[in-house]
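Starting from the given sequences, assemble the full structure and let the hints guide the process.
Residue numbers (the UniProt record's numbering), protein chains in the order written: chain E, 1 to 233; chain H, 1 to 249.
Careful: at least some of the hints might be erroneous.
Stated by the list, open to error - From the structure, some residues in chain H lie toward chain E, with a derived Cβ separation under 10 Å:
1. R82
2. L94
3. H97
Stated by the list, open to error - Restricting the straight-line Cα-Cα distance to at most 20 Å, the calculated cross-link-like pairs of lysine-lysine (PhoX-like) are:
4. K225(E) - K98(H)
5. K129(E) - K135(H)
6. K75(H) - K98(H)
7. K56(H) - K19(H)
8. K203(H) - K231(H)
9. K135(H) - K120(H)
Everything labelled a hint here was simulated from the structure, so no lab data went into it. Because the structure is a prediction, the values reported are computed rather than measured. The beta carbon of each residue, even a glycine, is placed where N, CA and C say it ideally should be.
Read off the chains here:
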Amino acid sequence: MFLNNFILAASDPVVDWDLFQSSLWPMIQGGIQGTIPLTLISFTFGLLIALLTALARLSNSKILAGLARVYVSAIRGTPLLVQLFIIFYGLPNIGVVIDPFPSACIAFSLNVGAYASEIIRASILSVPKGQWEAGYAIGMTHRQALLRIILPQATRVSIPPLSNTFISLVKDTSLASLILVTELFRKSQEIAARTYEFLQLYITAALLYWIVCFILSLIQGRIEKRLDRYVAK
Amino acid sequence: MLVSVKGLHKSFGDLDVLKGIDLSIEKGSVVAIIGPSGSGKTTMLRCLNALEMPNKGTIQFQDEFNINFDAAPSKRDILTLRRKSGMVFQSYNLFPHKTALENVMEGPVIVQRKAKEKTKALAESLLKKVGLAEKMDLYPHQLSGGQQQRVGIARALAIEPELMLFDEPTSALDPEIVGEVLRVIRDLAKEGWTMAIVTHELKFAEEVADHVIFIDGGHIVEQGTPEEILKNPKEARTKQFLDRILNPS
Ligand SMILES: Nc1ncnc2c1ncn2[C@@H]1O[C@H](COP(=O)(O)OP(=O)(O)OP(=O)(O)O)[C@@H](O)[C@H]1O
Ligand SMILES: [Mg+2]
Chain E
1 MFLNNFILAA SDPVVDWDLF QSSLWPMIQG GIQGTIPLTL ISFTFGLLIA
51 LLTALARLSN SKILAGLARV YVSAIRGTPL LVQLFIIFYG LPNIGVVIDP
101 FPSACIAFSL NVGAYASEII RASILSVPKG QWEAGYAIGM THRQALLRII
151 LPQATRVSIP PLSNTFISLV KDTSLASLIL VTELFRKSQE IAARTYEFLQ
201 LYITAALLYW IVCFILSLIQ GRIEKRLDRY VAK
Chain H
1 MLVSVKGLHK SFGDLDVLKG IDLSIEKGSV VAIIGPSGSG KTTMLRCLNA
51 LEMPNKGTIQ FQDEFNINFD AAPSKRDILT LRRKSGMVFQ SYNLFPHKTA
101 LENVMEGPVI VQRKAKEKTK ALAESLLKKV GLAEKMDLYP HQLSGGQQQR
151 VGIARALAIE PELMLFDEPT SALDPEIVGE VLRVIRDLAK EGWTMAIVTH
201 ELKFAEEVAD HVIFIDGGHI VEQGTPEEIL KNPKEARTKQ FLDRILNPS
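Shown next, in the form of structure tokens:
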């Protein structure tokens, strides 16, 4: 019996090429409409939040530093999926109804903001104290030294870990399918629900993510090389 | 007097490092600051441009500017003080993401908001002056220690400070390239720059300094002409210090 079933299943064609071709374009469309804008918007706002959070944590104000700490701790200490559900399914209970796409943008921005703030903070701290002093010694204000001297050097240090954050984000956006955002993975789910070809469709989705992340890691390498030009080998 | 320092105190936690420094620097003079390790030379120099915040005391520039540290001074006063002096660090502290030329231009362009084109000419002439005409477009890591330190000097000169501060400018350098940096400082002395130099190079101090200050234990123990301090010290502690340097072992 079992053997029979097994042989039956295996006798199906391994890859349905027609389905592959007809499913590829909707998935890519999902990527273009959902995954890519979601990633870019969330990463941009996330970095902004991260920079402000890092500066708050490094500031002399105990209140600002404390708030930043709580924010980072809360985001890092809770599952991203739960955060998404709170924003999309939870907030309507208090009358705050947000569409799927903006909900996802908010959740992912807050997430990137928390994780990247730790990266930015560490990279600012990694710039030697003598660099601040050299800035001050030529008469710079704190702000000038930060913008002209410290952040450019901190950027160099933070590019590799921030690239990793970006690549993780590309993959994490697939969670948005669970709050009804039309993106790559949701498209594959829709087609799979129609055709029952779960394995093939999910592997196709995985391949698409892989290709994008592979290209991104190539770009990461190039950026790092360019930034390397002023650093001792 | 270009600079008059009165009653300068600085402590780190429980450690009193400067215990009341009184000091005057005449315009156009070179002051050498000597003393044993840990005596507070670096701290004193850094207090002069508020990289280290003194706990007490005043610093006066001619009759025009006075900053009092008995209470926390305003940010504005601190900036004013810093813009009156240029600092050359023991470990250069060049900006690694900027070329030699950009390092020198940074102060005039960003702090003094001078036009880029004019500043570029100024920076080029300063780098020529310190013997780096060929190296302007190189990054710090492409330069030797002596070359980096000369960029550091040019960077400090570029903001046209009234006072130049040097903290052991040659002590991180290999012996054979100490000379190229000292030569630059010597030229500056001839041009009439007012300078305060912390140094262990007694021969150099004797040659370029107009005034020598010996510090020990957070006090100025003795000061005077190089002849007076280096050749005929009055205080036992000065004698002991010089003796130890001149006859090591
Ligand atoms: N940021 C700091 N925090 C705590 N203690 C400090 C700090 N900076 C300096 N000190 C202490 O202050 C004292 C004087 O230090 P300073 O660097 O001024 O000495 P120095 O005369 O320049 O010595 P050297 O010849 O070794 O450079 C030392 O005991 C030092 O440990
Ligand atoms: Mg010192």
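Hint check: K135(H) vs K120(H), CA-CA at most 20 Å. Holds or violated? holds (14 Å)
Does K56(H) pair with K19(H) here, judged by a C-alpha cut-off of 20 Å? Status holds; Cα separation ~10 Å.
Below or equal to 20 Å on CA atoms is what counts here, so check K225(E) against K98(H). OK: K225(E) and K98(H) at ~17 Å, within 20 Å.
Tell me if the straight-line CA distance from K203(H) to K231(H) falls inside 20 Å. holds (11 Å)
For the pair we were handed, K129(E) and K135(H), check the Cα-Cα distance against 20 Å. Measuring from Cα to Cα gives roughly 26 Å; hence the hint is violated.
For the pair we were handed, K75(H) and K98(H), check the Cα-Cα distance against 20 Å. violated (27 Å)
When the nearest CB of chain E is found for R82(H), is that gap smaller than 10 Å? holds (5 Å)
Grab the minimum C-beta distance from L94(H) to chain E and call the hint holds if it beats 10 Å, violated otherwise. At about 7 Å, which falls below the 10 Å cut-off, the nearest Cβ of chain E leaves the hint on L94(H) intact, so it holds.
Does H97(H) hold up as a contact with chain E if the rule is Cβ-Cβ below 10 Å? Holds. Min distance 5 Å.
Figure legend: structure checked against the earlier numbered hints; hints not met, in rising order: 5 and 6.
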